[in-house]
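Chemist: Start from the sequences, fold in the hints, and give me the full structure.
What follows is each chain in one-letter form.
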Amino acid sequence: MALFVVFQTTFFLTLLSLRTYQSEVLAERLPLTPVSLKVSTNSIHQSLHLQWTVHNLPYHQELKMVFQIQISRIETSNVVWVGNYSTTVKWNQVLHWSWESELPLECATHFVRIKSVIDDASFPEPNFWSNWSSWEEVSVQDYLGRGTLFVFPKDKLVEEGSNVTICYVSRNIQNNVSCYLEGKQIHGEQLDPHVTAFNLNSVPFIRNRGTNIYCEASQGNVSKGIEGIVLFVSKVLEEPKDFSCESQDFKTLHCTWDPGTDTALGWSKQPSQSYTLFESFSGEKKLCTHKNWCNWQITQDSQEMYNFTLIAENYLRKRSVNILFNLTHRVYLMNPFSVNFENVNATNAIMTWKVHSMRNNFTYLCQIELHGEGKMMQYDVSINVNGEYFLSELEPATEYMARVRCADASHFWKWTEWSGQNFTTLEAAPSEAPDVWRSVNSEPGNHTVTLFWKPLSKLHANGKILFYNVVVENLDKPSRSELRSIPAPANSTKLILDRCSYQICVTANNSVGASPASIIVISADPENKEVEEERIAGTEGGFSLSWKPQPGDVIGYVVDWCDHPQDVLQWKNVGPNTTSTVISTDAFRPGVRYDFRIYGLSTKRIACLLEKKTGYSQELAPSDNPHVLVDMLTSHSFTLSWKDYSTESQPGFIQGYHVYLKSKARQCHPRFQKAVLSDGSECCKYKIDNPEEKALIVDNLKPESFYEFFVTPFTSAGEGPNATFTKVTTPDEHSSMLIRILLPMVFCVLLIMIVCYLKSQWIKETCYPDIPDPYKSSILSLIKFKENPHLTIMNVSDCIPDAIEVVSKPEGTKIQLLGTRKSLTETELTKPNYLYLLPTEKNHSGPGPCICFENFTYNQAASDAGSCGHVPVPPKAPPSMLGLMTSPENVLKALEKNYMNSLGEVPAGETSLNYVSQLASPMSGDKDSLPTNPVEPPHCSEYKMQMAVPLRLALPPPTENSSLSSITLLDPGEHYR
Amino acid sequence: MVPSTARPAAGVVPLLLVLHWKHGAGSPLPITPVNATCAIRHPCHNNLMNQIRSQLAQLNGSANALFILYYTAQGEPFPNNLDKLCGPNVTDFPPFHANGTEKAKLVELYRIVVYLGTSLGNITRDQKILNPSALSLHSKLNATADILRGLLSNVLCRLCSKYHVGHVDVTYGPDTSGKDVFQKKKLGCQLLGKYKETIAVLAQAF
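Taken in sequence, the protein lines are chains X and A.
Quick note: the first sequence uses UniProt numbering, first residue 1, plus one each step.
Quick note: the second sequence uses UniProt numbering, first residue 1, plus one each step.
Some hints here could point you the wrong way.
[As the list claims (entries may be wrong)] With a straight-line cut-off of 35 Å between C-alpha atoms, the simulated DSBU-like cross-links for lysine-lysine are:
(1) X:K224 to A:K84
(2) X:K458 to X:K612
(3) A:K140 to X:K291
(4) X:K154 to X:K235
(5) A:K128 to X:K241
(6) A:K128 to A:K140
(7) X:K464 to X:K375
(8) A:K84 to X:K154
[To be verified] Just the calculated beta-carbon pair ranges, DEER-fashion:
(9) A:N142 to X:S139: 40 to 46 Å
(10) X:D242 to A:P88: 53 to 59 Å
(11) X:K115 to A:P88: 53 to 59 Å
(12) A:K128 to X:N84: 45 to 51 Å
For the record, the hints were derived by calculation from the structure and aren't laboratory data.
By construction, the Cβ of each residue, glycine as well, lies at the ideal position given by its N, Cα and C atoms.
Modeler: The following block contains the structure:
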């Protein structure tokens, strides 16, 4: 038992001593704890910078240590980052370490502590972590300065697509703060009552001037200010593309690449990315001054292999690409030069060129391209220094462009640029006869032959055609031939030939020679063969023609036609074994009629007309409507006619006509069908299928009815254009009858009038004699009817005619002399106007005693006024006739009135007067008592009063002043007033 | 950039810097010599006041366009928050009393033009770096600075020739070189807002 106690005591003592030793060792290692920890901030990089030392390191001893660093935010328990930092620590060394915070340092207080452990192989003892250093607090909020709102980080540079945390510090918690990115509000996480952080994920690149982010503090609706930051977002640096290097002279390597996007930013936050060229074999580096190329000087002739690294770099990122190559495999030759052509003729030439010499015995592979006539040919050739190539099978008179490029024949890397030159081959004689055709117009005694030929193609012309030779040879008289040279570019000529057979040879000539001849024969017989024209239908692709083969041997067929609207003769040659062809050309126009003639060419080269065909490539509807005349309009029918309408000059074959008729009647007339017009109205339609039938009788119409008609032709493409209807109104049924009656009547009346006019003298003498027969007068009955049954008519033969001399007064009374038609105003107004009653016997000698009358009835004023209204007697009526010619009513009225001296008061209708001659016998009242002998007129008896008196007054016995009265007989037609 | 005691800022070479460059520039000059002599190299123009009025009118006519060009080039939130970001809250801006004597007004005008000239110089420098493609804005800023230089020369001539004032205490615009970009934008906007407001008063007062 005692032994056990001793053993136990010894064990415990041993254990105690071991623990004591261990404690001593640990005590020796405790001084390796990090001390003097200092933390500073870098606001630009948002980083904490730590520095510390490790005390008690053995002098001149280096130990590899691991430091564990712990960073807390806002409070120590809120650890946001823990990490190790391994380094070799020297004696008395100050250690540095930085940590970049994603949260701007201004927005939160940070705490840092550190502990360490030895991690060195030379220190075999077991290692333990040291104790943590004390927390080191870092806060920059106290240095923000004045102001209530701050936004961080300032002017931060980030890469597009990265995550950024921004924050604001509001010193007034009463303020409501809203933050915006490019005008759009962002929402964050409140770190403490003053601080809110915003995590912006995958920030976009908006502009190189930066992105404005701002926060606005407000209380209610009152803004307390805006503060903000500018976030500079850079585009992601791209890896250079297409990086390659090559040499043209073994002295310089030219390296190129595609730099991609420029990552430069405004405000000098980031310049454009830089490019550096590094060659690993030589270890040389070169900073390139251009963004997409760089030259590298080859200094060692012996170096053939190159390993280049191109490094692109900006503030945020670095990219690199690498190429490894043999210099001799990257030879980019300089362009060939002195390209020339020698011995150029019509069909071949020699091309020569030179290349820049690289090294001795260097072989070049060259490629030649020959462009001409729309074709390209390519040839490859190997040369040393001077190149030469024979170009053959060229076309005469053709411009070619030949170019050459070369490359290293041993190690092909890249072709040079092309070096080229143009050249033109010489001319040769035309190789083919021109294609000739003719048109013949036969006239009495001769033919007019127009020759046409097509210009030779460039392939056959072999140069510029200068003229055409036309040789006309009379086959009937072989000795006579004629040569005509027609300068190009003419393509026709006209010949007038007599009634003989002629052979015509046409050749095309250029500066070298003539082409083979084209021969055509004009026979003596004119082309009077009657061939019926056949209609054909064309298509948009052309006309398909076929014909019966010509009996006998033919060397071919020719189809000719005229192009419209140029009216140029076109033709097509067809082989002898072909009897059909398709004429297709872009010149065919819709709505144009083309006439085709098919000729067979005999072995004697005489053309014979076989067939005629006509057609349209595309028929169109008629372009115009006929001008329709309306004839034979009756009450029940009318005739429509359009004889002048030409069916030939239409854009399609006229197949007939449609006649549209409108009327009030709902039902159509026989032969007409109902139709609906384009405007929806209904009408009647009549179809005429014969294009030459250009008239239509429209019958079964109603009299005095209104009709409208419209005539339009139609082709296979449709009708003519719409036009207005022409209006027709049928006449009345009786009007024609009336015309039949009225016309003869009018004719008769006219005939009677003409007869009357011609026989007017006779009628006048019969009906209206100048000297009326008193016995035939109705006045007699009137007088008898009144009261004077004894009144008789005096016979003219009973009167002793006197001569009356009228002496008018000098006041210019208009008196016309008896027996003359001249008025006094036209003769002598100076003579006194008196009336002289003179005997008319021839034996009256000298002026006897005169009788003077004072004419009181003559009103001077009335006479001067010349008014018809005051004229007592109508001017053409003889005074002596007045009483007889007037109507009985007027006479009766005149009798009933007391005659007034003033004529102005006598109405015009009452001016019928009876003139009572002063030569009448003193009223015996009986015609039997009329003196048979003339009364001896008293000498110078003065006529005191000559007045018109009513018959009743004229009859009483004469007064003293009017003792004599007579009826004056005047010459017919003469009167005065 | 306001000239420090070492050197004037590159790119900003206003006449006033030549005129006033000395140690201590950047803060109000402490001393005004009472009998400072006028030293003018060239004779003054006969019609100085008319020229001054014309230059003020010219500046007044273009001030608003310059202001608009500026805040438009800064991007949001400037165009839509002019009252908050571009209000004429400029510290140390020299005062002006329109009812003073001509001499007093000219002295105050002189101070204002000096202040504006330096501020415009800073703004021009900042904008050339920040907005290198805003050529119209640069052109307008340069043109305004040119007129301000001419105006300053004329005012100095007038003060010297008529009132024998050879020296005026001046203050300069705030130094923006240490500010962040947003602050530079904001200060420039505030200054141009103040400039627009002040130049209208000045054009009216003369």
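Chemist: Each of the hints needs a verdict: does it hold here or not?
Modeler: Consistency of the hints with the structure:
1. X:K224 to A:K84: 8 Å, holds
2. X:K458 to X:K612: 34 Å, holds
3. A:K140 to X:K291: 33 Å, holds
4. X:K154 to X:K235: 19 Å, holds
5. A:K128 to X:K241: 33 Å, holds
6. A:K128 to A:K140: 12 Å, holds
7. X:K464 to X:K375: 21 Å, holds
8. A:K84 to X:K154: 20 Å, holds
9. A:N142 to X:S139: 40 to 46 Å: Holds: the Cβ-Cβ distance is about 45 Å, inside 40 to 46 Å.
10. X:D242 to A:P88: 53 to 59 Å: Given range 53 to 59 Å: holds, Cβ gap about 55 Å.
11. X:K115 to A:P88: 53 to 59 Å: 57 Å Cβ-Cβ, so the 53 to 59 Å window holds.
12. A:K128 to X:N84: 45 to 51 Å: The hinted range 45 to 51 Å holds for K128 (chain A) and N84 (chain X), with Cβ atoms some 47 Å apart.
Checked against the numbered hints above, the structure violates none of them.
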